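Here is what each chain is made of, one letter per residue.
Protein chains: 4
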Amino acid sequence: MKVGVIGGTGYTGRELIRILRRHPRIQNISVYGRNPGKCMTEEFPELRGLYDGVVLPLDPEKIVKDVAVLFMALPHQVAMEMSKPFQGKVLLIDLSADYRLKNAREYEKWYGIPHKDKEALVQYVYGMPELFRKEIKNARCIASPGCYPTSIVLAVAPLLEKKLLKGNSIIADSKSGHSGAGKKLSEMLHAGSVSENLQAYKVSTHQHTGEVEQTLTHMNAGKKVYLTFTPQVLPFDRGILSCVYVDLVKPLSQGDVTDLYANHYKKEPFIRLYNNKAAGANPVLPTPKLVAHTNFCDIAPIVDTRLNRVTILSCIDNLVKGAGGQAVQAMNIALGFNESEGLNV
Amino acid sequence: MKVGVIGGTGYTGRELIRILRRHPRIQNISVYGRNPGKCMTEEFPELRGLYDGVVLPLDPEKIVKDVAVLFMALPHQVAMEMSKPFQGKVLLIDLSADYRLKNAREYEKWYGIPHKDKEALVQYVYGMPELFRKEIKNARCIASPGCYPTSIVLAVAPLLEKKLLKGNSIIADSKSGHSGAGKKLSEMLHAGSVSENLQAYKVSTHQHTGEVEQTLTHMNAGKKVYLTFTPQVLPFDRGILSCVYVDLVKPLSQGDVTDLYANHYKKEPFIRLYNNKAAGANPVLPTPKLVAHTNFCDIAPIVDTRLNRVTILSCIDNLVKGAGGQAVQAMNIALGFNESEGLNV
Amino acid sequence: MKVGVIGGTGYTGRELIRILRRHPRIQNISVYGRNPGKCMTEEFPELRGLYDGVVLPLDPEKIVKDVAVLFMALPHQVAMEMSKPFQGKVLLIDLSADYRLKNAREYEKWYGIPHKDKEALVQYVYGMPELFRKEIKNARCIASPGCYPTSIVLAVAPLLEKKLLKGNSIIADSKSGHSGAGKKLSEMLHAGSVSENLQAYKVSTHQHTGEVEQTLTHMNAGKKVYLTFTPQVLPFDRGILSCVYVDLVKPLSQGDVTDLYANHYKKEPFIRLYNNKAAGANPVLPTPKLVAHTNFCDIAPIVDTRLNRVTILSCIDNLVKGAGGQAVQAMNIALGFNESEGLNV
Amino acid sequence: MKVGVIGGTGYTGRELIRILRRHPRIQNISVYGRNPGKCMTEEFPELRGLYDGVVLPLDPEKIVKDVAVLFMALPHQVAMEMSKPFQGKVLLIDLSADYRLKNAREYEKWYGIPHKDKEALVQYVYGMPELFRKEIKNARCIASPGCYPTSIVLAVAPLLEKKLLKGNSIIADSKSGHSGAGKKLSEMLHAGSVSENLQAYKVSTHQHTGEVEQTLTHMNAGKKVYLTFTPQVLPFDRGILSCVYVDLVKPLSQGDVTDLYANHYKKEPFIRLYNNKAAGANPVLPTPKLVAHTNFCDIAPIVDTRLNRVTILSCIDNLVKGAGGQAVQAMNIALGFNESEGLNV
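Protein chains in written order, with the numbering used here: chain A, 25 to 369; chain B, 25 to 369; chain C, 25 to 369; chain D, 25 to 369.
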């Protein structure tokens, strides 16, 4: 099978190429972009010997003939300006934020710019297999979820599905490896800011808030669920630890909650739960390092029975389950492949 | 002035010695311990040329004659077994957890062992200057606060004092440099666990919970305030970032809250507030690096007006304001010195 | 094909399992050890969902019937006590240091203990494909090279082969991620020693010195080549940067040396050279991050024409090309597979 | 005493201000620059409460009247354009590279630009107290040494002084915390390049080479000593470990060399030697962490008796002994203060 990637100059594109290379069904990967002729290894010397291809011209007519699947690994705003010619012509998987929000006004609110491809929003399925597997199966356009939202939504889904959430909001305190903030030079990403430090940013205003709220509200039968969100930059490359705080409508024991999660996720190939029932003084808990370079989401719900509150620890690799890995998982579903194919490494 | 330190083999003791060396009123520092004759630089080669003294014998009668101030930098449990002979005889400042909780049953609950010096608890003043300056002034026994509690309590004090807390609980998501977990070898502190990682531990069960709840309840006129607490180990040496989540009893604007904090802390020498009223897209926010090696507590309250919830970022150096620095600040107060003496570096 | 691993509780074993899982020719991996019944995921929770097998009993008779290839991922000293029953019965690939030195006296000198399986030493081929590909092809016992030696030997091989080394010694200043020092608890591997630090250790006495000297002397037609070696522990998990200093017998330009390396390594699948002829002010140079999680050895020779000295930068992932990856590369050769099979990821 | 600092927007200036604040003889610190009125805390929020002063106008006539000592903490090239009006009028201490090389042609060679204040070069004393204490005593213009050169020169001085160097060159493999590369945004200083990595740069071409060679040649009675130099960027903030390799003209034991260093540096307040005579399997060796935030240079010479080669480990904090600390040490000498005043913390 032949697949294409538009935009290979960011971390998302690079990681996607690595993941696609390992996929046994994929024989050919083409990268398309605005700088045709440029070698991918100029941008990413680590790809030498792995992907030495040059960037091909951005010719939509040719692309739709050449590839069966097209991944858009572009910054938001750019993606919605370039997607039109591909919609419906290939299996289109967008890793930007542009097609995640169903409501164009919400998009404008969180991203500060008007949406330029509103009418297409309805065609896109939100590519989170654990929630929308059925819809992904029939999708031709997929909006692959954001990294923070993946870690947060998967953390609370079992409780929300059982209508156990008290009140109308949750809190997510999320710490991400600095690759989540990208490659562009900035004060915040200068080594002097990142090393030996933990930087909170966009507190209660981060654009992923809208994405999480849309998904949680959908799961809550349309009753609005709010998110208080504190993203923070960790002094290493990859991995997210989200601590999500949820109040329960009724008292539940640790055993109840552990069972509820086990039951909810029992068939999921990429969710790993931590059994705290048997936990000693130092139970194994999810950490970013345990999921690094994998497509797993590791989850541990911990009940504070004094307060009927649950602290849910949730870890993913932001570049795999939080980006390229989840996109390939969705591709596998949409094409009828084994869902884990090429990802179980 | 002559001061003594019992227990110099931990990070707390080492940092305390460094701080005391810079204090202009202190001419002589003696370290006492169970291994008299041992040179401090064997344990801490970094002290060579700074503190080359040997450990002196633990002879209480001699000690109380020799020093005006005695710091106990011992593990909990050990401190309460050794404090008796010094109480009332010198200005005694205990950096362990043994004399922080006023209620011996609470101590047993959180530390898992019975308290061995219950009757002395009443003599100890909780050494947090911002809350108990008056009491410290007249104290002869001071229980210096824990690192996490310092960062959490100072974050919410202005709101609690104005009775703005809704409900009976707060949430603190606290990330600490690994020095907070000490020098002892353990799986959790092996480089393989710490590097490129963020480890949550003792979620909702950490022993500092009781200390925070005691202080917040005291500020709340005795009405119980609960804490949901998630401590986490960062992959660097020093510094804490606590993100504290509080619901408000009534709507307040960012300006209201900024003013409230500014007013509450206007005379405090070691609280630095961040003015988010004027904040642009990337306001400067507290980080562990900005307070490293200082006695400051940096605080920024950020209002989520949609939910009447405040996220308060609070940073300290766990070894300075969270340990030796705060202890010396209390000493300055108790002895009538300028509160910042020797600390303003 | 079925393969076995003895000793899966160290980083080497864990990484080897990960690599073997990706190998398309391998259908079954058995781990054998002294704690049969123990689940590998107890030791390495990161393997959950990837390798959930339990440790099987160490029954040599059964093992040699069950597997075609057996990897020994044991500490030195232990390996030589357990290898006998497997020699000649399977393709035996030893990742410890026990069979690398051909001379038992050298072994005793560098490892401080007498060798316990001297007569078997002659059967083992040193498993560095770039130097001993032909010998590996016919080998039944392979001693897989150490991590530091791999980075150092590959750095100087082209110069040595052309007899360009002046004098009888080279210098290697090698910096390794802390995983190279293993999982055992120790002061040196405590986070407090590792974080924000660079620790030299065993300066001019490290046991890998003998291994490097044996190989370089062999390449130098038996004329002794000495090594001055400074190993250092970096504050992150994986990767080695060796800076190797060599004096030349005659003046060579940067172009000469670049061409010499290009020619020497032109057919090697896992050597990546950096062309400094075209280098601008900031040429891309090898770094540990560029090779992390790959089997590549990245090399850049840089000529100081004022002194006829070459500084060779050489990077590998100590757990891949420096351990499990190189072992699998040797296996591929010995079994007649494509040398890159399962490794080109 | 009043002192001035020109250029406070780099790490060197910030650290200098911190050091000067602790100096008991200094009552007043003025910062001068091109952006008068700007608050220093805008650039460095960590200085809030420590140095809240605003930048004063760059008016040379006023400055020379106001201050007794003036530190120039400017980038090279800028310093030599602005120094003229201050030379001879105040105690002028330049922390840039502009006045370190005595020979303007050497300057042009290493810095790629012609020198603009050649005639003043002769007035400047190279401010390394361990080598030029006498000259500093009478100096009015001091060129404070570079960070790498400090760590390298102090490592080899005892051997060179005794004429023990064989050949005409040494090798220095130097690893520096990333603060050594400054605050400016660049690919090399992006967190993605720095974290979990070690980056060699300017191999054998770094501009500090000339500075080291000038000093070593001076110590070698004018006989040229060359340096092969490999600078590398570490993934943390501060500290240098230089491993310096020197061949001896005659065999010396470890004891000989240890004694030689002990004797050479016996009166130095800021040199700490490590006694390897008594070293066990894991002797304490210099590391960047042991000297962080201090003015010490920690040195351990280790003899490889097989080769008559000495590996010298040498550590400094690049921002203290490698910049502001050494500058203040020179000031103390020039002004007749106790050499350690304000630095012994």
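Check the hints yourself; a few may be wrong.
Same chains, same label: a pair holds when it works inside one copy or across any pair of copies.
DSS-like mimics (lysine-lysine), calculated; alpha carbons at most 30 Å apart, straight line [to be verified]:
id: 1; residue 1: Lys-274; residue 2: Lys-248
id: 2; residue 1: Lys-247; residue 2: Lys-190
id: 3; residue 1: Lys-187; residue 2: Lys-62
id: 4; residue 1: Lys-274; residue 2: Lys-247
id: 5; residue 1: Lys-187; residue 2: Lys-274
Simulated from the structure, these hints should not be mistaken for lab results. Since the model is a prediction, treat every value here as computed from it, not as a measurement.
Taking the hints in turn, this is what the structure says about them:
| no. | hint | result |
| --- | --- | --- |
| 1 | Lys-274 <-> Lys-248 | both (20 Å within a copy, 21 Å between copies) |
| 2 | Lys-247 <-> Lys-190 | both (12 Å within a copy, 23 Å between copies) |
| 3 | Lys-187 <-> Lys-62 | neither (52 Å within a copy, 39 Å between copies) |
| 4 | Lys-274 <-> Lys-247 | both (19 Å within a copy, 23 Å between copies) |
| 5 | Lys-187 <-> Lys-274 | both (10 Å within a copy, 27 Å between copies) |
The structure does not agree with numbered hint 3 stated previously, though it agrees with all others.
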